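Trainee: So the chains spell out like this:
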Amino acid sequence: MERLGNGPKAGIEAGRLTAADYEANFADLHPRLDRHEALVESDRCYFCYDAPCMTACPTSIDIPLFIRQIQTGNPLGSAKTIFDQNILGGMCARVCPTETLCEQACVRNTAEDKPVEIGKLQRYSTDIAMEQGRQFYSRKAPTGKTIAVVGAGPAGLAAAHRLAMHGHSVVVLEAREKAGGLNEYGIATYKAVDDFAAREVDYVTAIGGIEIRNGQALGRDFSLSDLTAQYDAVFLGMGLAGVNGLGIEGEALTGVEDAVDFIAALRQAKDKSVLPIGRRVVVLGGGMTAIDAAIQSKLLGAEEVTICYRRGKENMNASPYEQDLATANGVIIRHWLAPKSIIGKDGTVAGIEVEYTAIRDGRLIGTGETGVIAADQIFKAIGQTFSASGLGALQFEKGKIVVDAEGRTSIEGVWAGGDCIGTGEDLTVSAVAQGRDAAESIAKALAAAAQPATAVA
Amino acid sequence: MADIRNNFVGIKSPNPFWLASAPPTDKAYNVERAFKAGWGGVVWKTLGEEGPPVVNVNGPRYGAIWGADRRLLGLNNIELITDRDLYTNLREMKEVKKNWPDRAIVASIMVPCEEQAWKAILPLVEETEVDGIELNFGCPHGMSERGMGSAVGQVPEYIEMVVRWCKQYTRMPVITKLTPNITDIRHPARAAKRGGTDAVSLINTISSIVSVDLDTFSPNPSVGGKGSHGGYCGPAVKPIALNMVAEIARDPETYGLPISGIGGITTWRDAAEFLALGAGNVQVCTAAMTYGFKIVQEMITGLSDWMDEKGHRSLDDVICRAVPNVTDWQYLNLNYIAKAHIDQDACIKCGRCHIACEDTSHQAITSMVDGVRHFEVMEEECVGCNLCVNVCPVENCITMEALPAGELDKRTGKVVDPTYANWTQHPNNPMARQAAE
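Chain order of the listed sequences is A and B.
By our numbering, the letter at position 191 of the first sequence is numbered 199, and the numbering carries on one by one without gaps.
By our numbering, the letter at position 424 of the second sequence is numbered 420, and the numbering carries on one by one without gaps.
Just so you know, these hints were derived from the structure itself, not from any lab.
Hints are not guaranteed to be accurate.
[As the list claims (entries may be wrong)] Dumping the calculated SDA-like pairs for lysine to any residue here, alpha-carbon to alpha-carbon at most 20 Å:
1. A:K88 / A:K122
2. A:K128 / B:D65
3. B:K345 / A:K128
4. A:K153 / A:D70
5. B:K345 / A:F144
6. A:K128 / A:E49
7. A:K122 / B:A342
Quick caveat: nothing in here was measured; it's all calculated off a predicted structure.
Let the sequences and hints guide you as you build the complete structure.
Mentor: Structure follows, in C-alpha cells:
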C-alpha cells in the first residue's frame, strides 16, 4: 500500500483511526441534559403568551407548558405535552433544526441573543418517559377498520400511532429491512446514537394495533389499487427514493457515491472501522445531507474534506448552525463552485474539475474559470427526488403527490404526507405533523361513513 | 466621598451594616471573620440564662423557598438561642470587643420573664464591655413555647415591664427586638417606648411552614418525619419588614424612636430603603448565610456610591427621608392619573403584559396589530394599575407615565384636574357626604 511519509494512506481505506477515536467521534453530539442542567435551562423560559416558539413548531408543541412542567419537577407530564402533538418528539428533539424553528422564535433572542435550549429540554423529558417505557395513550375500542400505511418513516409512524389511538388497525408496508425511514437511514450517526430510531419505533408501536411488514415495496410487491381494494383507507408516507445525478463526465468512476447511501451505511454499521473513506473527500451540495456526509467523512478519518456548493453561503439549505458544526469539525466549505467533470485514474477518482459560478442577470452561470481539487472520493448530495411506481392515476404536480390541507389526495380514500407530497418543509417534524393530521382526517372520514344514515326532513 | 459612619443610640460603627443576632454571630470565630470582611457591627447570638445551655435539634434546622435559578428567596429556621455555655460566650464577646474596638457588639438576651433573671444576667454582660443589649422578644419557635421570645413580644405589657427592668439594672443602651407575629406592630413598639427603651429593632422572623415533603407528608425542615413551625426570613419578608418599620417611624406615639431595620436586606438598595423609611441602621442575616460575609463589601460601596451620586453627605441625609411620603390610602391623590407605556424598542414580545391584563385586569394591552404580534397599551382601557410593569421581564420596558394636568384621560373622558383630591373629599364616600352636611 502506498504511503506518503508517515501521513495517512491515500485512496479509499477503512480503519484509518483507532477504536477509541471511532467511539469518541461517533458519540452523542449533545449528551442529554442532567436534572440540574434542565432545571437551570427551564428557569429561563418566560412562559410567553401565544408563544412564538409554539407557532414556529410545525407540530405546534405547547413548548412553554412542557418547559414549565420540567421546571416544576414533572418530566413525565412534560413528555406527554410533547407527545400529544408529536409522538416522534424524541427524534425531533435530536434532529430538528431548532435554530431555524422554535429557538429562532424564542423571545430570549431579542432579549440577550441566546434562546432557551428548547430542543435539549424536549430531549430531557422525552428520554425520561421513553426510558421508563411510559405509554400515555391507549387505543379506543376497536372500530373494525384497517388502514394501510405505506412507508414506516416519520409521516407513516405518526399517522399509524394516531390511527391506532382512534381504535383502527394499521398495517404499515415498508420497503426496507427496518422501520424508521430517514430516522433510521438518513440521520447523522452522532445525532441518534444507541439505536434510538429503532427504540422509538418500538415505543410508538407499543400502543398496539400497528403491524409493520418490512420488505414490502410499492410497485414491486403491491400497487395502490391493491390497497384501496383491501383496506378501509390508505396513507402514503413514502420518502424520496431517487437521487439526483450530476450528468457530468466521470460520474461512473469508482469512488463517486451518493451521500445518502454513505449516511445509511454509517448508521447501519455497528463497527465504524470497517467503513472505507477517502483520504481526500469532496462533497457536492449545500443541504443537510452534504453537511452530514462531510462531517462524518472527517470523523471516519478523512484528511481533507471539502464541500463544494454552487451558490453562496446564504443560499445553503443547511442552517448556519450546521455549517458551523461542519467547519468546527475541520470541513472546508467552498462556495460558488460547480462540478464540471470528474477526473479518473485507472478507473477510480483522482480529482474533480470545478468551475467558478456567478449570478448574472438573476441567473446562475459558469464563469469559465476552472480548477481541480484532488480527491479520491466524491459524495453527491445535490438533492433527492420522489420516484415511485404503482400509484395508478394519482395526481402529481412537480413530481410530488398533490394533497389538500387535510392530506387528502386526488383519489378518494387515499391520503398522503411526508416528503412525497409537494407541501411543507422536508423535515422530520413536518412529516410528523402531516402524518398526524392526515390520520385525524382519515378517522373523521371513517367515523362519518360509519354513522347510520339520518333522515333528512 | 459620602460618610457612612453610623451612630445608633450612641453605639458607633464604621458603617450601618450589622449582622443580626443569629447563627453567623454565635461565636468569636464567625464574628472575627465578619469584622475582617468589613461588617460594622454584630448583635451576638442570643444568650440565655446561666446553667445548662439549651439543646438544638440534631436534624435539619433550615428550610427554604427559591426563585428562578434556585435563588434563595426565603429561609426558615427552627434553631434556638445559643446552645453554648453563657460564660464561653461572654468571654469571647469581651475578647472580640477588645480586638475590634471600632466595631459595634451588642448582646442579644433572652431569659425568663422574671425580674431576677434579668437582674442576674445584665451585670455579666456589662462586664464584657460590649456596646449595648438587644432584648430578644421575637423568636417565634421553640423558646416561645417556654414563655420567652415572641411569647413576650406578643404581650405589650410584658415588653414594657422587661424593658423597665433592663433600664433599671444596666447603663447600657437597650434595643428591644420586636416580633412581627402580631396584628399591629405599633402596640409593642409603643410599649417598649413606655418602658424606656433606647431603640427598637425589627423584624424578627415570621412564624412559618416553609414547605411540605410530598413523599413523606412531613413539613420541612423534617426532624424524623415531623416538623414544627419555624421563623421565616430572607428577601421574601422585606416588604413586611419595610411596612412595620415605616408604621413605627410615622406613628405619633413612637415618632423619633430609633429603629434598627431588619428583614431580608440583601443589597445596598435594600439597606437604603430601610434607612429612608426610618431605620437608623440595618441588621443582616440571611444574605450572609446565603453568600458569606463578603456581601458587605457590595453593600458598603453601593450605599456610598449612591450617596455620592445623589449628593447625600451622611446617613442623616438619608434616614427618614421617605417617612413623610408614607400616608394612609385615604389621603392618596385620586386626581393623579398614570398610564402604562411600552417601549417598543425594549419590548421582546413575550406577551406577558398582554395576558396578565387580558385575563386578570382591564383588557388594555393589544396582542396583535394589523396581523403582527404587537403589544401596546390602549389608553382608553388602562386604569394605570402597574401589573404589566411588574410582570414584564425587561426592566424599564414598561413604565407608568403620569398624565399632565389638562390632558384628556381617554378612559374616563375627563380632563386631568391639577388639584389634589382624596377619598375623604370624594362624593362617593358616605363619610365625606356626612361631613359636608
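Trainee: For every hint, state whether the structure bears it out.
Mentor: Against the structure, the hints come out as follows:
Taking the CA atoms of K88 (chain A) and K122 (chain A), the gap is about 27 Å. The hint is violated against a cut of 20 Å. For the given pair, K128 (chain A) sits about 17 Å from D65 (chain B) by alpha-carbon distance, which is consistent with the 20 Å threshold. A distance of roughly 23 Å separates the Cα atoms of K345 (chain B) and K128 (chain A); the hinted pair therefore is violated under the 20 Å criterion. With a C-alpha separation of about 31 Å, the suggested pair K153 (chain A) and D70 (chain A) falls outside the 20 Å cut-off, and the hint is violated.
Of the supplied pair hints, the one linking K345 (chain B) and F144 (chain A) is violated, its CA atoms being roughly 34 Å apart against a limit of 20 Å. At roughly 9 Å between alpha-carbon atoms, K128 (chain A) and E49 (chain A) fall within 20 Å of each other, so this suggested pair holds. At roughly 16 Å between alpha-carbon atoms, K122 (chain A) and A342 (chain B) fall within 20 Å of each other, so this suggested pair holds.
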